[in-house]
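Starting from the known structure of chain P, arrange chains V, U and L on it as the hints suggest.
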Amino acid sequence: MTDKTNSVEITLKNITKTFSDGTLALKPTDLTIKAEEILVLLGPSGCGKTTTLRLIAGLEFADSNGGSINFGDKNVTELPIEKRKVGMVFQSYALFPNMNVSENIVYGLKVRGIDTAVIDHKLAEMLKMFDLEKYAKRGVHQLSGGQRQRVALARAIITEPDVLLLDEPLSALDALLKARLRGDIRTLLKSLGITAVYVTHDQEEAMAMGDRIAVLDHGEIAQIGSAKEIYLQPKNAFVADFIGQMNRFEGNVIDAQLVLNTGKKIPLSSEALASSNANETLSMMLRPEDIRLTKVTDEQHALTGIVSSSVFLGDRTRVTLEKVQKEGKVIVDCFQRIEYPSGQIVALSFESKHLIPLQG
Amino acid sequence: MTDKTNSVEITLKNITKTFSDGTLALKPTDLTIKAEEILVLLGPSGCGKTTTLRLIAGLEFADSNGGSINFGDKNVTELPIEKRKVGMVFQSYALFPNMNVSENIVYGLKVRGIDTAVIDHKLAEMLKMFDLEKYAKRGVHQLSGGQRQRVALARAIITEPDVLLLDEPLSALDALLKARLRGDIRTLLKSLGITAVYVTHDQEEAMAMGDRIAVLDHGEIAQIGSAKEIYLQPKNAFVADFIGQMNRFEGNVIDAQLVLNTGKKIPLSSEALASSNANETLSMMLRPEDIRLTKVTDEQHALTGIVSSSVFLGDRTRVTLEKVQKEGKVIVDCFQRIEYPSGQIVALSFESKHLIPLQG
Amino acid sequence: MKNTRISLFLVLPAIIISFAFFLLPIVQLFKVSVVEGNGISYWNILTQPMYLKSLLSTVGLSTFVTFVSLVIATITGLFLTRYEFWGKQVLIAMLSFPLAFPGVVIGFFVIMLAGRQGLFAQIGLALVGERWMFAYSMAGLFLGYLYFSIPRVVLTVMGAAEKLDQNLIEAGRSLGASRWQIFCDVTVPTLRPGLISSGSICFATSMGAFGTAFTLATNINVLPMTIYTEFTLNANFAMAAALSLILGLVTWVCLGIAKRQGAASVGMGG
Amino acid sequence: MKNTRISLFLVLPAIIISFAFFLLPIVQLFKVSVVEGNGISYWNILTQPMYLKSLLSTVGLSTFVTFVSLVIATITGLFLTRYEFWGKQVLIAMLSFPLAFPGVVIGFFVIMLAGRQGLFAQIGLALVGERWMFAYSMAGLFLGYLYFSIPRVVLTVMGAAEKLDQNLIEAGRSLGASRWQIFCDVTVPTLRPGLISSGSICFATSMGAFGTAFTLATNINVLPMTIYTEFTLNANFAMAAALSLILGLVTWVCLGIAKRQGAASVGMGG
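Protein sequences, first through last, are from chains P, V, U and L. In this text, residue positions in the first sequence follow our numbering: the first is 19, and each later residue adds one. In this text, residue positions in the second sequence follow our numbering: the first is 19, and each later residue adds one. In this text, residue positions in the third sequence follow our numbering: the first is 138, and each later residue adds one. In this text, residue positions in the fourth sequence follow our numbering: the first is 138, and each later residue adds one.
Hint data in this document are derived by calculation from the structure and do not stem from the laboratory. Zero decoy hints are in this set.
20 angstroms max Cα-Cα, derived EDC-like pairs, lysine to aspartate or glutamate:
1) Lys347/V x Asp202/P
2) Lys196/P x Asp192/V
3) Lys371/P x Asp333/V
4) Lys282/V x Glu345/V
5) Lys155/P x Asp322/L
6) Lys128/P x Asp322/L
7) Lys371/V x Asp333/P
8) Lys225/U x Asp39/V
9) Lys128/V x Glu307/U
10) Lys253/V x Asp333/P
11) Lys246/V x Asp351/P
12) Lys208/P x Glu357/V
13) Lys196/V x Asp351/P
14) Lys101/V x Glu307/U
To give an idea of the interface, some chain L residues facing chain U are shown, with a C-beta separation under 7 angstroms as derived from the structure:
15) Gln165
16) Ala237
17) Gly345
18) Tyr365
19) Thr388
20) Trp389
No residue lacks a Cβ here, since even glycine has one placed at the ideal position from N, Cα and C.
In isolation and in its complexed conformation, chain P is listed as follows (with noise of 0.2 angstroms):
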């Protein structure tokens, strides 16, 4: 196990998948995965996450229509998962209430008959792997979530299986030892050098743990690519709202300002402009962390707004702030530890760069 596995690329082309009950759970969806990648799966519940996951796994079959999966050169479509040579770490982790630690890692390579020298050695190295050494005869209902979920993850990796699929694997747990496990999974992983898919709803998780993130919308890819390139140039503004807090502001292109409802006005930059006309409707959106509040010195013609409430969250102070757009708030994340009394007029600034246009 020391070795890295002999990882494969996981290929979906022009994959649907329809439930019997005719909801169609996956638009056709094309989908590479490259080796030792982890590709985190983003989505609200019933956005098609989970069923990408079971149709890589096998547990599910795609709608017949001459689409195709393959593992490397492999066409596995046809494939059930026992012949797929997948490991799966399920959000329940499913560990065999039946048997103990031990039985529960090793269940994988008993069943196919590998010589018990074999079997033990390999226990042996999972159980220092994962730190469980010492609950090896317990049972699966005397240990916590986390020493559950690492029987879960050495019960998959052990057969060295080509593909590991995760299924909110942590979801379970609390905050704290989430933070904690989400780490070690990916160096374990990336040590493995294992091709990963990781299904969360979490986008801090997905921020945290994937090479990069494909976020889910109603069956269909909304937009994959690394953390970085899903936050700070979201493709539209499920993507947006889905990861992380996000402003929004209207208005029209005038004189290369964006003029909001309130009159009050927005500088636009040249690539922005260039692919606007002018007097058009434009959406513009702009983070929390991106915005500095400043005493207002030109009334006339700075941006401003009145600050509604101002709460002190340790880190960073976040302060909502009303009319500066005739409906909906303001939301600024100030980390230089200042307090606005809610009531007073301030100014927004920010860098034109950091407005991202609105598309779709």
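Relative to the frame of chain P, chains V, U and L by itself:
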């Protein structure tokens, strides 16, 4: 209900609680909650926060050792909950499953035999206030988590209690809803001007919600103060670790500097020096967002570390550094979207005023 | 996928045939009740006093037993759930003793309590010089039925009461409700499914009880005894079949109600 | 707080007295079995062939019925849970029919199937010119007991199988296990508590079944019939009491096992 209620100050004097199995759930405690204040009781499970709330509610009674609980001038120590005029909101919502939304909300008025016309008037007011008009006749099982929470709040405040007690009211909800509702609840409590005690184990919720926060640890108040006081001047390691992420540096005081076990040096502020002797072993704490990473210019004298991982989390990049001290890692939050490749040597800088001396 | 379909087509007929065997006797019963009785068996039940009395007294007895069991068991069950006292666990374990004996033995119990040599006879003799005996009357039957009904309902009530969310009661108290208001508005509604379910089973069991009634050889002909008599002694198959079907229907409805309210699978058996 | 203590002291004696009444007959039974039998009743059960045979044949019959019920019901239950087909819901509803009839009626069913005019007799007559009759033999009793046992176990198995975490099976498959390996290593262990529980109840019900046995008036004296005969006809109270206690003990242990495995409260009754 549009008028402010008569809010009272709550005073606990020398209150102790021992459970029937002999566990000391609350050590002798004095606590004053000002009229109209929102006090948050924060701590891990088993710290005594819920016991304190239940003692204030009158669901538990303090040990009979001369301690007292006062609501304003009134000594309520011996009064059961029925006679304390408190409103309660439970984590499980505790809505009556056999009653619909309206019946739940008006239950407190009905058992008091209030006139039907008055009840109807107040109900209409509540349904409007909590945006529940559409759901008035629905069974509570048909409601979403957020709607149930609103019904529970409406039911608790319709009787115009002197004190509102909330026991982890948001912990059953998902993260996004939680963040939205905590703002709504705070606004509501402030507009009612009611004295409120709010129990939670979530530090961000505590900071967003409370006028003051009491951090409890093993049955006693470890620190009480505003969110800022607790975050910026934690009294001990427990409070510091419980409220946000914290780095710890340990070393000896030599030549006005803290010398770590790697020989690296941290300059100390004059306040820190004044309260310590030369050669003394000292622990200092530092928040991840207070550290800035710079290029190494003077390897001899700078405080340096090696990047072990750098994770882009959207609004920040969380960089983990090794080799600053012999053991443990240093976590740094950078808000300037910069990449740090693993293995790079970087220098840490910070203002010495941000160093928090560790007491006890 | 294909394997699944093949195994479905192999196993399905086998299962349908087994089901047919299960149903056959019931269909046969219906045939006998209609054909051999020239279609008037059901009419006879309503018109001939002997049958009507048997039906009504069985229903009456079962209803009364159910009602009394529910009242006694609710009070006892709530009490046992709420308070801790020395020996409580032993008391609860003892509660399941009566459930272990078949109807015949429970009949003996009634004779031992209320028969000629029974406890009540002794007490009566000592107090008023006269033996109190009611083993072979409706009262004896009632006592026997209570004996096997109460523990069943108590255990159900205790199960339901343990699941009762204490926060509901605390919420009621915080709103100023009195103990009695909370009992009516919170406790009873929460226990209701359990009460309906165990009440239905209690009623169905009483309707079908044979061993107890037979042992007490009472003058009250409860339905299962009437069925036995008609079939074995009078060879009136049509009437026996009609009565069986009515009894089966009533019981089936009761079990259906119990199941809807969440009871595990239960049945008359034996 | 003070109110609580007062109500505890008021209600507790009442409850203890009621419990005493519950226990009294059992204590009485024990007294009779020891005192009136001169302490040799229990010895007699082991030494006199008639009693020993009754005890052993009841235990043997019940064991066999339980075993066969478990096998048939597990296959049927798993099948019904796993596959969807037209009419499935009706089939499941029909499953609960046999549970609605008391033992007496189930005895008739056996007679209708395997008696002189029964279905098997007709088939035999048509095929080999000879009536196949076994209603009044061990086989008839076996058939009757199966009739009321199988539905009970099937419903339990279905309940347990519905709760079976599909992820467990998927995890097994991802690890390369065959269908048979998954059945043995995952499915059966998951069903085990349900099987033990419903098997125990099945065994206890068979041990205490009176109505069916009595109706079939079989030559095999099962325990409840022996008890009835000893008490009512032979007036051998000591022996009846001793046998009742043994039967009660066995049943009580079975119900205890069933309850440990999570069955709702069940009992013999009637």
